[in-house]
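Participant: Please construct the entire structure, taking both the sequences and the accompanying hints into account.
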Amino acid sequence: MPLNVYGIGNALVDVQARVPDELLARVGYEKGVMTLVDDSVQIRVLSELGEIDTNRCAGGSAANTILGIAQFGGSAAYAGKTAADDLGEFFLKDMRAAGVTIEVPPADEGHTGTCVVLITEDAERTMLTHLGVSATLSDADIVNRDLGTSEWVYVEGYLFGTEQNQAAARAAIRSAKAAGAKVALTVSDPFLVNAFKADFLELIGGPVDLLFCNLDEARGLTGKDSARDCANDLAALGPRIALTMGAEGSLLVDPLGLEHVPGVPVKAIDTTGAGDMYAAGVLYGITNGLEWEQAGRLGSLSAAKVVSQMGARLAEPISKAEIAAAIKG
Numbered sequence: 001m002p003l004n005v006y007g008i009g010n011a012l013v014d015v016q017a018r019v020p021d022e023l024l025a026r027v028g029y030e031k032g033v034m035t036l037v038d039d040s041v042q043i044r045v046l047s048e049l050g051e052i053d054t055n056r057c058a059g060g061s062a063a064n065t066i067l068g069i070a071q072f073g074g075s076a077a078y079a080g081k082t083a084a085d086d087l088g089e090f091f092l093k094d095m096r097a098a099g100v101t102i103e104v105p106p107a108d109e110g111h112t113g114t115c116v117v118l119i120t121e122d123a124e125r126t127m128l129t130h131l132g133v134s135a136t137l138s139d140a141d142i143v144n145r146d147l148g149t150s151e152w153v154y155v156e157g158y159l160f161g162t163e164q165n166q167a168a169a170r171a172a173i174r175s176a177k178a179a180g181a182k183v184a185l186t187v188s189d190p191f192l193v194n195a196f197k198a199d200f201l202e203l204i205g206g207p208v209d210l211l212f213c214n215l216d217e218a219r220g221l222t223g224k225d226s227a228r229d230c231a232n233d234l235a236a237l238g239p240r241i242a243l244t245m246g247a248e249g250s251l252l253v254d255p256l257g258l259e260h261v262p263g264v265p266v267k268a269i270d271t272t273g274a275g276d277m278y279a280a281g282v283l284y285g286i287t288n289g290l291e292w293e294q295a296g297r298l299g300s301l302s303a304a305k306v307v308s309q310m311g312a313r314l315a316e317p318i319s320k321a322e323i324a325a326a327i328k329g
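Going by UniProt numbering, the sequence shown opens with residue 1, and the numbers climb by one from there.
Rather than coming from a laboratory, the hints here were simulated on the basis of the structure.
A few of these clues could be false.
[Said to hold, decoys possible] As a list, the in silico DSS-like pairs of lysine-lysine whose alpha-carbon atoms are at most 30 Å apart:
| id | residue 1 | residue 2 |
| --- | --- | --- |
| 1 | LYS182 | LYS320 |
| 2 | LYS197 | LYS31 |
| 3 | LYS31 | LYS224 |
| 4 | LYS328 | LYS267 |
| 5 | LYS93 | LYS224 |
| 6 | LYS177 | LYS197 |
| 7 | LYS182 | LYS328 |
| 8 | LYS224 | LYS197 |
| 9 | LYS267 | LYS31 |
| 10 | LYS182 | LYS197 |
| 11 | LYS267 | LYS320 |
Only a predicted model underlies this, so the values are computations on that prediction, with no experimental measurement involved.
Facilitator: Put into structure tokens, the structure is as follows:
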């Protein structure tokens, strides 16, 4: 059966906790950003949580998006590397239970990656990521059978952090184009733009058909300040653009022009996964009969729903009535 989306990215188990600012200051990491850490740091941070309640789920940026597509009823597969350990077994079981096909074999050695998400009262999330064997995902792990039957291939920008991961991302893009699939890219984080700007611009001006980014990332890519200038400059390189602006909504650009999609008002509790779920709404929409702007509205609703709860995955399905209302605007 054809698939809507084949995703490729890190395979991590998210450990989420609501923490006071004092604890965040004590562990010593910058608020609101993602930092790569080693295993010893991750163990120390987890010990700092003490008796604080935590939530565990399969995660990783692209994995969150793929899970979101599956939650909407779309068909999806995922390429991510786990280890043959308890966390790896948990990740695979969690993804497959949601209906996602994942056939990359676990690594015989090493540990499954984790992402500790520290959420403060202002809903900011600070992520400490230990990639584990996820960093060894390579071009040999790309499952061409699933990829070749997909309408879209969705690539996570975090993969550009290691040489093997970047090779896997580029292999997926080449295979997608050879199979006639379209390519969507999310640049994932402003720090990645600083480190891999030339790589991203090369892809945006080449094989990428749809770019997801937030305003900070767009500013880093273009050197412009206003959201409209950033969106138009990126669109001039070739792809459709979906530029998110938090509560202000998003800008969608295609050959017919630029459209502002308003945000959905909501009290934010945890911003983890907002961009991931926005991408899920858009990708599900454009592969299941929605117009471009309608898909953007579904993305806005999806992002609003996920930030109003704890965790990067929808705790409850969005009702058909809410979806219909959002699509109508």
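Participant: Are the hints correct? Go through all of them and say.
Facilitator: The hints, checked one at a time:
no., hint, in the structure
1, LYS182 x LYS320, "holds (28 Å)"
2, LYS197 x LYS31, "holds (23 Å)"
3, LYS31 x LYS224, "holds (25 Å)"
4, LYS328 x LYS267, "holds (22 Å)"
5, LYS93 x LYS224, "violated (43 Å)"
6, LYS177 x LYS197, "holds (22 Å)"
7, LYS182 x LYS328, "holds (26 Å)"
8, LYS224 x LYS197, "holds (14 Å)"
9, LYS267 x LYS31, "holds (20 Å)"
10, LYS182 x LYS197, "holds (22 Å)"
11, LYS267 x LYS320, "holds (22 Å)"
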